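Construct all of the structure, not just a fragment, from the sequences and the given hints.
Chains as they are written, first to last, in our numbering: chain A, 33 to 389; chain B, 33 to 389.
Take the hints with a grain of salt, since some may be wrong.
Claimed, not checked - Listed next, the in silico DSS-like pairs over lysine-lysine satisfying Cα-Cα at most 27 Å (straight line):
(1) A:Lys96 <-> B:Lys318
(2) B:Lys318 <-> A:Lys97
(3) A:Lys37 <-> B:Lys231
(4) B:Lys318 <-> B:Lys339
(5) A:Lys357 <-> B:Lys128
(6) B:Lys323 <-> B:Lys383
(7) B:Lys371 <-> A:Lys208
(8) B:Lys190 <-> A:Lys208
(9) B:Lys128 <-> A:Lys190
(10) B:Lys323 <-> A:Lys96
(11) A:Lys231 <-> B:Lys381
(12) B:Lys351 <-> A:Lys206
(13) B:Lys381 <-> A:Lys37
(14) B:Lys34 <-> B:Lys208
(15) B:Lys74 <-> B:Lys46
(16) A:Lys231 <-> B:Lys231
(17) A:Lys128 <-> B:Lys371
(18) A:Lys206 <-> B:Lys34
(19) A:Lys371 <-> A:Lys351
(20) A:Lys190 <-> B:Lys34
(21) A:Lys128 <-> B:Lys323
To be verified - Stretch by stretch, here's where chain A covers chain B in the computed footprint (C-beta under 8 Å, at least three residues):
(22) 56 to 62
(23) 113 to 119
(24) 187 to 196
(25) 218 to 228
(26) 273 to 287
Since the hints were made in silico from the structure, they are not lab data. Only a predicted model underlies this, so the values are computations on that prediction, with no experimental measurement involved. In this text, a Cβ means the ideal position worked out from N, Cα and C, and glycines have one as well.
Residue-level listing of the chains:
2 protein chains.
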Amino acid sequence: MKEAKKKIENLGGKILEDIEKKVNPNIDIPIRTLSNIVYDSKTRMLTLGGKSAKRFLFHTGHAKKFMQTMLISAFCKDLIDQNIHTSLRDLFYALKRTLPNSNENTFDEQSESNPIVVDLEVMLNILREQLHLNADIRGRVVGNVVISDRGDTVDLSKLGSGGWAIPSNIEDIKFKKVNADYILVIEKNAAFERLHEDKFWQKHKCILITTQGQPARGTRRVIQRLAIEFDLPVYVFTDLDAYGLYIYSVIKYGSIGLAHVSDRLGTTNAKFLGLTMDDVDNFNLKNFTIKAEEVDTKRAQEMLKYKWFQKPEWQKLLKSLISRKIKAELESLSGRGLKFVTETYLPTKIKNKDFLD
Amino acid sequence: MKEAKKKIENLGGKILEDIEKKVNPNIDIPIRTLSNIVYDSKTRMLTLGGKSAKRFLFHTGHAKKFMQTMLISAFCKDLIDQNIHTSLRDLFYALKRTLPNSNENTFDEQSESNPIVVDLEVMLNILREQLHLNADIRGRVVGNVVISDRGDTVDLSKLGSGGWAIPSNIEDIKFKKVNADYILVIEKNAAFERLHEDKFWQKHKCILITTQGQPARGTRRVIQRLAIEFDLPVYVFTDLDAYGLYIYSVIKYGSIGLAHVSDRLGTTNAKFLGLTMDDVDNFNLKNFTIKAEEVDTKRAQEMLKYKWFQKPEWQKLLKSLISRKIKAELESLSGRGLKFVTETYLPTKIKNKDFLD
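Okay, structure coming up:
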């Protein structure tokens, strides 16, 4: 039986027991506000602390949420039984209705159903994808990787110029064969396409993954699974600005909003390849930097305080962003010629193991 | 020789001739402000009118733009010669520099280089993709379609749950085999995934394409090429709101911003499948509609005036959006059950040919 189904059934069984024992039916939900999010320096991941709160059926402040939790649990069990996947928006519509003989709706807004799904994730310690609830899609892959997905065998090295589109839910995908020395994760699709066109992944025996901005859950999961299942180093290649550095941080440590699933979405061995401020100086990119906005500087100042950015090299990089008030995009490397990134920048950085960790 | 290269060389040749004839070197660029954008009721497309303007080398107001036009033309010819593709952002960085013995930059901002690329598109009557300048990516396809792309043969019916990711540039892609009765274009990825999971494209012998919102250029081009090269009907399936109806309008007639390439990006035979206000009433979706925002109503009022929305059925639909102040999302169909869209709604609409044109 699927893990998620079993966990939902156990939850239902627990409630039934409460009823039989004439106990006020209740569930225990770990708290996920900032006060309960901790950086675990051993696992090097953002995780939830030990605090949790009880939700009761017979409690004027809890009753509605309790009902909503049960509705969504039952709905997800149905999804798993029928082997159907859907989105959070569809779930909201599918469960929205007016309760009989009342003016009370099960849900009025999707903002009520979304957090209950996260409650389930936290409480049952599973991914929402395992509840058959798909997330947004974004991200593409190219490299010597063969996958099996819904009965199809797909060779990610033979998909033309577009590469493989990472689906919203990769829980049931199998990586059957991988032939690569490392994974290069690239923030922007334009740079990914440039590398793909220059056959960088063939020449350097690597897997290229573009996140297309902040990585979607599916993309984070693909990076983690490839890194762990095939013991591959991961190098992250982003713009030099607070936003880019945070993309690296999310890939490596997990994100604040999804701290409860860092162990399923984070890739602790990921290293930051660039762009760094030293790159700007060493590769003569100064003419191609742009002025940082107020919001960039503010974000860098926040990040200076994060526990997982306390190493001297990171403090130095963040401080240089603040003091020099510049940023550099991946595309700035084109200022040195369109093949500079594939023929000079990346080979030099990777050969010298010039990474931040 | 590639069409685009030939056209750039002709442009260069013309300037050289001007110089030899001691004429002030000049180029003729069709105007693309709103005043020169017309709806052609014969071709049923948005196109440019006949107005154009000359750009001179020796003219204080034109000289810089003339230089920029030449720089970009030469750069694109290089891209074609080397068979390299790149993005507008990379082009900007690659050409940005300070002119010798001056404080004058070739380009200060990308907002200067972008319109010159459009100038070239209009002037040479080619797509920017033919100049090897890639656009944003968005959009996926699944169905019985076999393509050839950069030497790879890809069967779009065998790509697992994600489908085929439409690349940013599909000019060099060949559609080798297509076995379908029609194309169903879907605004949202969630609905696309639902249909894909239910094997709708197999059961109904069609091609599914999701635009993921406003269609990217590559997606519009794929729809048009499949429709024309294989003589397939196209049905567009969007949210019931001004934004959704405009997605249909862009696919069919072209967009105001890209009116000069409507003949390459528009699909005149596209029909609107839904959601319509009649669907809301006939399929009992009233409980799943949501309140329209001010901005929705305003947009619908603008669209009421567009020449290509003057048919009584469109006027009726737009007016109903304004008067009833509601909208309905594709996901609202899930209010009737998750398989309602695949088992009831779409088969009914398609069987009854219940389309707007």
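Agreement of B:Lys351 and A:Lys206 with the hint, judged by alpha carbon distance not exceeding 27 Å: With Cα atoms ~50 Å apart, B:Lys351 and A:Lys206 exceed 27 Å; violated.
Are the Cα positions of B:Lys371 and A:Lys208 separated by 27 Å at most? 32 Å, violated
Would you say the region 113 to 119 of chain B counts as covered by chain A, given the rule of at least 3 residues with C-beta under 8 Å? holds (count 4)
Holds or violated: A:Lys371 with A:Lys351, Cα cutoff 27 Å? 31 Å, violated
Taken at face value, is the distance from the CA of A:Lys96 to the CA of B:Lys323 at most 27 Å? 24 Å, holds
Decide if the proposed pair is consistent with the structure: A:Lys96 and B:Lys318, CA atoms, cutoff 27 Å inclusive. 24 Å, holds
How does the region 187 to 196 of chain B fare against chain A when you require at least three residues with a CB closer than 8 Å, holds or violated? holds (count 7)
Is B:Lys318 within 27 Å of A:Lys97, Cα to Cα? Holds, because 25 Å separates the two Cα atoms, which is no more than 27 Å.
Checking one constraint from the list: CA of A:Lys128 to CA of B:Lys323, max 27 Å. Satisfied? 15 Å, holds
Tell me if the straight-line CA distance from B:Lys128 to A:Lys190 falls inside 27 Å. Not satisfied, since the Cα-Cα distance of roughly 36 Å exceeds 27 Å.
Check the hint pairing A:Lys206 with B:Lys34 against an upper bound of 27 Å on the C-alpha distance. 42 Å, violated
Run the distance test for A:Lys231 versus B:Lys231: straight-line Cα separation, threshold 27 Å. Since the Cα atoms of A:Lys231 and B:Lys231 sit roughly 34 Å apart, the hinted pair is violated (cutoff 27 Å).
Going through the hint list in order, the structure does not satisfy hints 4, 6, 7, 9, 11, 12, 13, 15, 16, 18, 19, 22 and 26.
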